[in-house]
Amino acid sequence: MSKMNRIKSSLIDTKKEINFVFNGKKYKGFKGDTLGSALLANNVKLIGRSFKYHRPRGIISHGSEEPNGLVELINEHYNEPNTKITTLELYEGLKAKSQNCWPSVKYDLMSINDKLSNFISAGFYYKTFMWPSSFWEKIYEPVIRKAAGLGSLTLSNCDRNSEKGYLHCDVLIIGSGPSGLISAYIAGVSGVRVLLVEEDFIFGGSLNNETLTISDMPAIDWVKFIIKELSKLKNVKLMNKTELIGMFDHGVFGAIEKNKYKKIDQIFWKITSKKTLLCSGSTERLIPFQNNDLPGIMLSNSIRSFVNRWGVKSFKKVLLFTNNDDAYSTAINLIDNEIDCIGIVDIRDKPKNVDPKIKVYTNSQVINAYGNLKLQSVDVVNSDGKIINIECDFLGVSGGWNPNIHISCHTGVKPEWNNKILAFTPGKKNISTHLEAAGSANGKFTLNECFNDSEIKTIKILNELKIKPKKYVIPKTKKETFNIDPFWFVKQGSKRKWVDLQNDVTVKDIEIAYNENFRSVEHLKRYTTLGMGTDQGKTSNVTGLAILANLSNKSIPEVGTTIFRPPYVPVSLDAFVGSVTSKNYKPTRLTPTNSWAQANGASFVESGLWLRAEWYTKKNEKHWRESVDREVNSVRNSVGFCDVSTLGKIDIQGRDAQKFINKIYSNGFAKLPVGKVRYGLMLREDGLVMDDGTTARMGEDHFIMTTTTINAESVYRHLEFCHQCLWPEMDVHLISTTDAWAQIAIAGPKSRKIMSKIVDEQFDISNENFPFMACKELTICGGITARLFRISFSGELAYELSIPTQYASSLVTHLMEVGKEDNIVPYGTEALGVMRIEKGHAAGAELNGTISALNLNMGKMVSSKKDSIGIILSKREGLCLPDGLRLIGLKPINPKNQLISGSHLFNENDTKKPENDMGYVTSSCYSPTLKSFIALAFLKNGNGRYGEKIKVSNPILKSEDLAEICNPVFVDPNGDRLRE
Amino acid sequence: MSYNIFQIIKEGLKGNMGWVKTWRNPNIKKKYDVIIIGGGGHGLATAFYLAKEFNIKNIAVLEKNWIGGGNVGRNTTIIRSNYMLNENEAFYEFSLKLWEGLEKQINYNAMVSQRGVLNIFHSDAQKDSFIRRGNSMIINGADAELYDLNKIKSIYPFLDYQNARFPIKGGLFQKRGGTVRHDAVAWGYAHAADKLGVDIFQNCEVNNFKFKSGSCVGVETNRGFIKANKVGCAVAGSTSLLLSKADMVLPIESHVLQAFVSESIKPIIPGVITFGAGHFYISQSDKGGLVFGGDIDGYNSYAQRGNLDILEDVCESGLALMPSISKARLLRMWGGVMDMTMDGSPIIDKTHIKGLYMNAGWCYGGFKATPASGWCFAHLIAKDYSHSLSENFKLDRFKNGYMIDEKGQGAQPNLH
Amino acid sequence: MGEFIYYGDASLLKRPKWDDKNAEDKFYKYLYLRKNIAGIHKELWFHQQGDRSWLVVTRNTKNHEILKVELATEVVKGLDK
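Chains as they are written, first to last, in the numbering used here: chain A, 1 to 980; chain B, 1 to 416; chain C, 1 to 81.
No lab work stands behind these hints: they were computed from the structure. Take the hints with a grain of salt, since some may be wrong.
Ranges between beta-carbon positions, derived for each pair [unchecked claim]:
1) A:L962 to B:P167: 32 to 38 Å
2) A:G608 to B:S244: 53 to 59 Å
3) B:N208 to C:K68: 30 to 36 Å
4) B:H279 to A:S810: 37 to 43 Å
5) C:K62 to A:K495: 56 to 62 Å
6) B:I28 to A:S582: 57 to 63 Å
7) B:G141 to A:P673: 54 to 60 Å
8) C:S53 to B:K31: 52 to 58 Å
9) A:P557 to C:G2: 35 to 41 Å
10) A:K316 to B:K175: 58 to 64 Å
11) A:K495 to B:P167: 31 to 37 Å
12) C:G2 to B:K57: 49 to 55 Å
13) C:K68 to A:K232: 38 to 44 Å
14) A:E416 to B:H279: 45 to 51 Å
Here are the computed lysine-lysine pairs in the DSS-like style, where the Cα-Cα straight-line distance is at most 27 Å [to be verified]:
15) C:K77 to B:K394
16) A:K875 to C:K35
17) B:K104 to A:K146
18) C:K62 to A:K875
To give an idea of the chain C side of the interface with chain A (calculated C-beta under 7 Å), a few residues [unchecked claim]:
19) F4
20) R15
21) A23
22) E24
23) F27
24) L31
25) R52
26) H64
27) V76
Built from N, CA and C at the ideal position, the CB exists for glycine as well.
Same shape as in the complex, but just chain A (with noise of 0.2 Å):
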């Protein structure tokens, strides 16, 4: 454990320790450390290991910025890799190691991609591992994959608790600090509801790193006082630790609140604002020199914010680099904490602002760092080119500052360049004119600009949402003025100078992209994976453009800029998914008999967001073909009953009901008497065959159209789409009723038998007053309301009842009970599907979207002699081909042998070619009735060929089988059944 004094800082409470561990080693940090403060504070500066030449690197900055600091996060159940160091707050018992190195980070193995770098420089992969091909996936990539990656992710499964939410704002603002501040004051106070967001776990942005007066009283003073304030305001909303990460269409903004609640981990926020303001200040960057990238060279603010807010003193000798005014503030404050600021190298002639306890090194610049895993000396150059060394410990480095306006790009503007701060600013021409930018993020550098801009900007904003600002008071500040040259990069010297620090990309990467002309930005980017690490760029990207723009003799607005593009930070997956996770996904639809199946025996399938009972094991039954060939011989030879509720039922009432039906379905309805069922054939507009169903007339003007279970929805919003934008005329009301009526099929040579013990007495159901394909509304049980039509999917006397859902697990109770003296059972999807396959019925394998009214063999259903959905683009050329595919049924010679759904068609001396290729499998199963394999297919010329042998082929599984084709309809092709 290393001893730790600190500065005295009222942003750390030391006298609350915090204890934790980094590589192993145990360390004390304090309360308002970051994990990146503690190990400076500890003297630990090396973090880990760069991406692709494996550099030793310390931390830069002291925000979402840092490239460097980055490690794996040590938790109970998992790790969590590239966890950036200097936004992390430390927690008792935090436990972090290094990433990207092995064995340690000290001494790491991979380090030879150093040695190696002259030859592995921007795109040389390029260029070479060609030969020989096969090489790529078993050699070279290999290599490559295991070295690049940073951290490594634990592959488990331990659930966060994340949560979404929702929320609503007038304004929203994005950062804490004086302009974010000061622009909720003015918003708040003239009752406009205001969101104010912080990243941050403190509010006051670079408020807390600064030893700044406002209004007579030090900054952090100001912060609090200004939060009590706002927090006395009801309008006004203030959420630290908040990411805003996106800005999204019509005012819509993702945001992450973390590690703020005791059960709740991380909240996703979708923000819905009439109107935001960017108050996300900017970011100082690095200039590049030779050996920029050893550890103890960093950002000149974040040095001075160490100091200041962390109070960290491990600075024992430190340089300054700049071409701006900033770093002088970083001197003076180093100077007033009595730590060691051994001078400013200034690219300038005459810096303004000079103190004179600072030296200043004038037209000079820092052209090269030495030392070992952490600096120990650098090289400065003045205007005669006389080189001395200066030892140091640290160097920072101010080449300027960033406006953060990320967030302003990712609706698609532009930024615009600003000649006088030598930086992008957020673009005017706002598409949405839904967002401004203030302050720093603005480009006013000084707090006296950002106060000002950011009164403006409020003002303007209050007015667009027609609100009188009430009274306020901008606080006093001192006038200051902000100064810089351009000077991007330093071009003396031969070694590597880094722009990217994460992604290893330095001056020479980018002179050779330019040179193999890979000049526009974004082939930049892309070929030397500049700004494209966990820090997005952002102390790398207007760097690199710059140094762009020098080598094309262009203005960098002339070379271009790039789009930012969400998230502002990475976000982890599962922020994104709230409690929508594993058994969550997707809802699942219970049928109304759901409990009942389960008490007695069934197994379950997946149907959509249905489950759906596939078969009831009985006790003896060890297959589930043996429970299935059970129920379809029970139907077919005595009776049974299976839950068809998932069933899409339409309601449609209206005086042109009947009218609208008719022109929904391609045969007729015109002609459809009250009390009777029909089967209906539903196209789409381009002739193809969308769903089919069944549609009984209940009265006049009412009727009830059942859908397939899978295009319930589909098929409704089909029917809205016809009445209301096709044919607005129309009487017609409609309304699913899809979960309001349970539906149960009740089918076999029994079934009347069993109809005529539940449906009141006073209705009559023989075969003469109720004959198939009649319907009625009755009542059951002693005047329970129902609808009863005699339809038949499975080929047998059958019934389809309707009743309320709440009635329908009784009714099954009562089912088995009255059919017990003829072994009535429940029958499940399974055997429902093998005897619609008996009965060549088409369903959803059948129905899959290219599939034609006369592929089914029902072309003569496409009434031409009225319009109907679909009726004239079913008879284009491509749909009406006379050697097209027909449905068909298929026998296996050998009736033991499985026919496979998937299977293909080929005639049986022809080879197994895309020419030959002559239609598939659709549907199989075992018939029981049959006692034989049997399937449904499309063949080509299908119903030409009734006996003959075909091939059904099945590569995939290496099976083949001969078949003979026959009428798809294997029982009871003359429906004799259905009237018994």
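Starting from the structure of chain A, add chains B and C where the hints point.
Below, chains B and C without anything else, positioned relative to chain A:
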């Protein structure tokens, strides 16, 4: 300049300042035999094959922005030939074969990596349709295997086998499928085409065509008029806009498809996996980023960016399949504009104007089609009749009822 | 799935007459051809998880800005006049 290990060593020893342009920045000639509009994957591939296979030398590629900036640089880098319909399967299998020999042909390492594509299924109905698809693949000379649950567990032990809402039942696997470094495809084709004398112009936007007695005789650009005997359009996403200048109305809508990439992490996912109970596909790049995507946003758009709902949908589907990646972090999201056709299949065809050809409608399958698309389009332009593999991809198929509808969704582009 | 479901160009409101001359060509153009406008686009959305109304939304396809929303029934009645 030829690329190989010796050149890398030679240039490395000289400080890497000897590398020359990957493609030239030539001066525009007054006239070309063929002008290709669109410097994306398909346009550059077309130019390359025109020069290489069809012996046409005087070719220009006009790109309004930077080459490779369209969908070739905005996709999830997957290559595969696992289609159900013979018309598609034959074409994509040809493409996959071209991928396999691509790098030697263009002397550029596009990192064609045949790490296998696994499509997971979750129901018997899905299994049946995957069997049909797998059989089509084999019949068309591609490779396909049906994996059972245990086999999948052995390669991808970290999928959700315990608590999945839609349990995994098996998968269709194509070993020869995989990924390719997408940007390098554009650069490699540009490099190889350039070597054969093709002129590539960036920041050269075509504003109009010039027609003379029913034929296309050139294009008006922001850099002046350029004469041409033949003009081919390969401008996915902007096809409707460009060809509206030839008074064409097309069976195409432009839609946004998003793609996502995570931070770099050490290798965990060997190949490509697609989820069968929702929209999600994923692979891991050589850099270590998880590259994944899902469904299109679903409404007409020319904005190269997407909405938040799709991000949530994709993550929900992704974590439903593999909850173990839940702590990986999303690094970037972006969108590309797709030509979505009315049957989900592409169009490679002549137009009603002599000398004007179109290559469009790749929906979101365009990347893997790049080599075959270029080859077949080059064939059409050079010979004035379709290559046998693209003869079904004609514009009049909608009028005549010969749709190639892999998903069976009908005339609604956002459902394909 | 979202609250609103997209269908396509509002030209889908103008279904041709089935008994017109050249009906097949007209239906082909109606169903398959799209202007695919970059800019102000009128399009159909269904309020699936709401009042189940079909809406004509005027939206800019270049930046997704929504400019106007009307009930399809009202728009169709306007077309008839």
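Verification of the supplied hints:
{"no.": "1", "hint": "A:L962 to B:P167: 32 to 38 Å", "in the structure": "35 Å, holds"}
{"no.": "2", "hint": "A:G608 to B:S244: 53 to 59 Å", "in the structure": "40 Å, violated"}
{"no.": "3", "hint": "B:N208 to C:K68: 30 to 36 Å", "in the structure": "31 Å, holds"}
{"no.": "4", "hint": "B:H279 to A:S810: 37 to 43 Å", "in the structure": "41 Å, holds"}
{"no.": "5", "hint": "C:K62 to A:K495: 56 to 62 Å", "in the structure": "47 Å, violated"}
{"no.": "6", "hint": "B:I28 to A:S582: 57 to 63 Å", "in the structure": "59 Å, holds"}
{"no.": "7", "hint": "B:G141 to A:P673: 54 to 60 Å", "in the structure": "57 Å, holds"}
{"no.": "8", "hint": "C:S53 to B:K31: 52 to 58 Å", "in the structure": "57 Å, holds"}
{"no.": "9", "hint": "A:P557 to C:G2: 35 to 41 Å", "in the structure": "39 Å, holds"}
{"no.": "10", "hint": "A:K316 to B:K175: 58 to 64 Å", "in the structure": "59 Å, holds"}
{"no.": "11", "hint": "A:K495 to B:P167: 31 to 37 Å", "in the structure": "57 Å, violated"}
{"no.": "12", "hint": "C:G2 to B:K57: 49 to 55 Å", "in the structure": "52 Å, holds"}
{"no.": "13", "hint": "C:K68 to A:K232: 38 to 44 Å", "in the structure": "42 Å, holds"}
{"no.": "14", "hint": "A:E416 to B:H279: 45 to 51 Å", "in the structure": "37 Å, violated"}
{"no.": "15", "hint": "C:K77 to B:K394", "in the structure": "37 Å, violated"}
{"no.": "16", "hint": "A:K875 to C:K35", "in the structure": "25 Å, holds"}
{"no.": "17", "hint": "B:K104 to A:K146", "in the structure": "25 Å, holds"}
{"no.": "18", "hint": "C:K62 to A:K875", "in the structure": "38 Å, violated"}
{"no.": "19", "hint": "F4", "in the structure": "12 Å, violated"}
{"no.": "20", "hint": "R15", "in the structure": "5 Å, holds"}
{"no.": "21", "hint": "A23", "in the structure": "5 Å, holds"}
{"no.": "22", "hint": "E24", "in the structure": "6 Å, holds"}
{"no.": "23", "hint": "F27", "in the structure": "4 Å, holds"}
{"no.": "24", "hint": "L31", "in the structure": "5 Å, holds"}
{"no.": "25", "hint": "R52", "in the structure": "6 Å, holds"}
{"no.": "26", "hint": "H64", "in the structure": "4 Å, holds"}
{"no.": "27", "hint": "V76", "in the structure": "5 Å, holds"}
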